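Enquirer: So the sequences go chain by chain: A and B. In terms of UniProt numbering, the first sequence opens at residue 1 and continues consecutively. In terms of UniProt numbering, the second sequence opens at residue 1 and continues consecutively.
Any given hint could turn out to be false.
Pairs involving identical chains hold if they fit within one copy or between any two copies, as the list cannot separate such chains.
Keeping only pairs whose Cα atoms sit at most 30 Å apart, straight-line, the calculated DSBU-like set for lysine-lysine is [stated by the list, open to error]:
#1 K102 to K55
#2 K149 to K102
#3 K102 to K12
#4 K149 to K55
Keep in mind the hints are simulated off the structure, nothing from the lab. These numbers were taken from a predicted model, which means no experiment stands behind them.
Protein chains: 2
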Amino acid sequence: MKITFVTSNLHKAREAAGILNGIAEVEHVELECPEIRNDSVAEVAKGKAAYAYEKLGRPVITDDTGFFVSALNGFPGSCAAFVQKTIGNEGILCLLSDKTDKSAWFETGIAYADEDGVSVFVGRIDGTVVSPKGVHGFGYDPIFSVGGKTLAEMSEEEKNAISHRSRGFLALRNWLVTR
Amino acid sequence: MKITFVTSNLHKAREAAGILNGIAEVEHVELECPEIRNDSVAEVAKGKAAYAYEKLGRPVITDDTGFFVSALNGFPGSCAAFVQKTIGNEGILCLLSDKTDKSAWFETGIAYADEDGVSVFVGRIDGTVVSPKGVHGFGYDPIFSVGGKTLAEMSEEEKNAISHRSRGFLALRNWLVTR
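Turn these sequences into a full structure, and let the hints guide you.
Expert: Next comes the structure, spelled out in structure tokens:
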């Protein structure tokens, strides 16, 4: 089968193609999908997939990612992109400076839509917020540590092996295989 | 004419009815409208109005409000409600503690939709972020000061006389009168 990944990010499309290899051929299309304002990345991804399927009329994947800090009640959550571009990692560290609990997690919703409807898969990775370290990746990667290393200290392969997004894609892969 | 204000907030509906008095009769309906994720309150309000008009088939008003802090690059912006419920006013004050520019503004988008399409009006009020004062209002009102008084130190009438939302409604009123 052939699946269209609607994303403006070529890296994500390549990652998906790797994980779904042998199950589906992944093609990559850029399509502006309206995103809903919702605290759940699964709901945001679902909305985008429904829209993209209606527009394209063939099996599609969409994704949405949030960053959740426990001591900040889940902030920045699904506002992660906006928060990154306004107050940035400096802001997150400032808000956490007097908190003892530094735990946080990334969550990605991967939505798949075809003629049978929309299914959504969530991948999550838990870690802690630390002072910025590393030069790879983007966004919150330098301040998010898993097993003693920030995501920005990992190569793309290392990161993809454990990332929230790859876990979401693996869940999709398992579902595609067994359904 | 009769306009339906789609809001779950009875106070807002009464405020609109007062401002549009003599121009339109305002009725109040609760309808869950999906909100788009967008940095512009005008765009969010427009999306809701288009949806509500499609569902109800009669002239509708919807609104959306953001809170913008200059030194934080417009944060929390249209994520204002989510930011208020996670990091709250304490978080905003923490982020601003080392900034000298304390200026901020509220912006409300008021969208009106009928058979001719969707029009949107923006009301804005400028002020400064201060330590919490006052017991009225909600959200950012206690830390937002205009002319030496926070919105939470004002009565509902005082606040309505100068508020971002009332300015948006006035712009709508003027447009309805002259079109």
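Enquirer: Each hint: holds or not?
Expert: Results for each hint:
In this homomeric assembly, K102 and K55 never come within 30 Å of each other (Cα to Cα): the closest approach is 42 Å inside a single copy and 45 Å across copies. Proximity of K149 and K102 under a CA criterion of 30 Å is satisfied intra-copy only: 15 Å inside one chain copy versus 37 Å between copies. In this assembly of identical chains, the alpha carbons of K102 and K12 lie at most 30 Å apart only when taken from the same copy (28 Å versus 39 Å across copies). For the identical chains of this complex, K149 and K55 are neighbours neither inside a copy (41 Å) nor across copies (51 Å), given an alpha-carbon limit of 30 Å.
This entry does not satisfy hints 1, 4, going by the numbered hints stated previously.
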